[in-house]
Amino acid sequence: MRKKPNKFIPLSIRMLIRQLEYDGLVQESDILTVIESFYSTSEQYLTSWTYHFEELEIMEFITLKKIPNWSEIEKVVKFISNKGFFNPNNDTALFDQFMLTLQYVTQEKIDEWNLEKKYSDQRWVCIFKYFKEKDIQCDKMIIIVEYVLCLAGSNASTERVFSHITKIWTKEKTHLNVSTLKVLVINFDYTCLEFYELLKKNNLLIKKNYI
Numbered sequence: 001m002r003k004k005p006n007k008f009i010p011l012s013i014r015m016l017i018r019q020l021e022y023d024g025l026v027q028e029s030d031i032l033t034v035i036e037s038f039y040s041t042s043e044q045y046l047t048s049w050t051y052h053f054e055e056l057e058i059m060e061f062i063t064l065k066k067i068p069n070w071s072e073i074e075k076v077v078k079f080i081s082n083k084g085f086f087n088p089n090n091d092t093a094l095f096d097q098f099m100l101t102l103q104y105v106t107q108e109k110i111d112e113w114n115l116e117k118k119y120s121d122q123r124w125v126c127i128f129k130y131f132k133e134k135d136i137q138c139d140k141m142i143i144i145v146e147y148v149l150c151l152a153g154s155n156a157s158t159e160r161v162f163s164h165i166t167k168i169w170t171k172e173k174t175h176l177n178v179s180t181l182k183v184l185v186i187n188f189d190y191t192c193l194e195f196y197e198l199l200k201k202n203n204l205l206i207k208k209n210y211i
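Numbering follows the working numbering, with no gaps: position 153 of the sequence shown is 153.
Each hint can be trusted.
With beta-carbon atoms standing in for the labels, derived distance ranges:
id	residue 1	residue 2	range
1	G84	E21	47 to 57 Å
2	P5	F162	34 to 44 Å
3	E74	Q44	29 to 39 Å
4	F162	E116	33 to 43 Å
5	Y196	L56	25 to 35 Å
6	L56	E116	25 to 35 Å
Cross-link-like lysine-lysine pairs, in silico, DSS-like; alpha carbons within 30 Å at most:
id	residue 1	residue 2
7	K75	K65
8	K109	K140
9	K117	K134
10	K129	K200
11	K83	K132
12	K83	K66
No lab work stands behind these hints, which were simulated from the structure alone. In this text, all values refer to a predicted model and were calculated from it rather than measured experimentally. By construction, the Cβ of each residue, glycine as well, lies at the ideal position given by its N, Cα and C atoms.
Starting from the given sequences, assemble the full structure and let the hints guide the process.
Given below as structure tokens:
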């Protein structure tokens with residue numbers, strides 16, 4: 001961040017500060033101190049979030065731009081296990097399923113995907129469709145892939161939801177805060193596919209949520 005060491009302030013703002021100082025309303029030195037503090041806070045914030053993104057670099061295998069290896073999967077397993085979304089005791093089954101994945105994900109297949117410009121999620125759909133056709137179990141592999149693909153590339157959608165909530169939930173209406181919503185979520189123990197199958201079999205649950 002180069003604005004801080006160069007003490008950059010837009011010319012229009014600098015002229016306004018000088019006018020306010022001339023009128024006896026502010027001291028330029030005080031304003032400059034606040035601006036420097038703002039730059040420092042911004043730099044700390046950006047550095048902090050950059051660190052969090054670095055933590056996710058281990059998940060690059062999900063792109064399938066090249067043949068993944070077990071060491072990459074192992075790092076992700078450790079990360080997800082620490083978050084409580086994967087049982088580390090299932091790593092042997094996961095290893096076996098990953099080895100079967102490599103029988104399908106050859107360099108020729110990756111070259112084909114790259115030529116077709118397939119997105120990462122479409123590549124994994126091809127893999128899991130193949131597993132289903134061959135009746136090959138891949139439940140542990142699905143957990144890993146689902147977790148990584150579900151990570152939002154941006155928080156823009158979340159911010160938009162909260163923005164709408166703020167407009168809609170007036171004082172006269174029921175206030176569902178984040179802690180309440182968290183308690184109501186019941187699908188933490190299901191994969192997306194398992195929860196989908198559960199909903200299909202339970203019409204009453206669907207009616208309660210949509211009517």
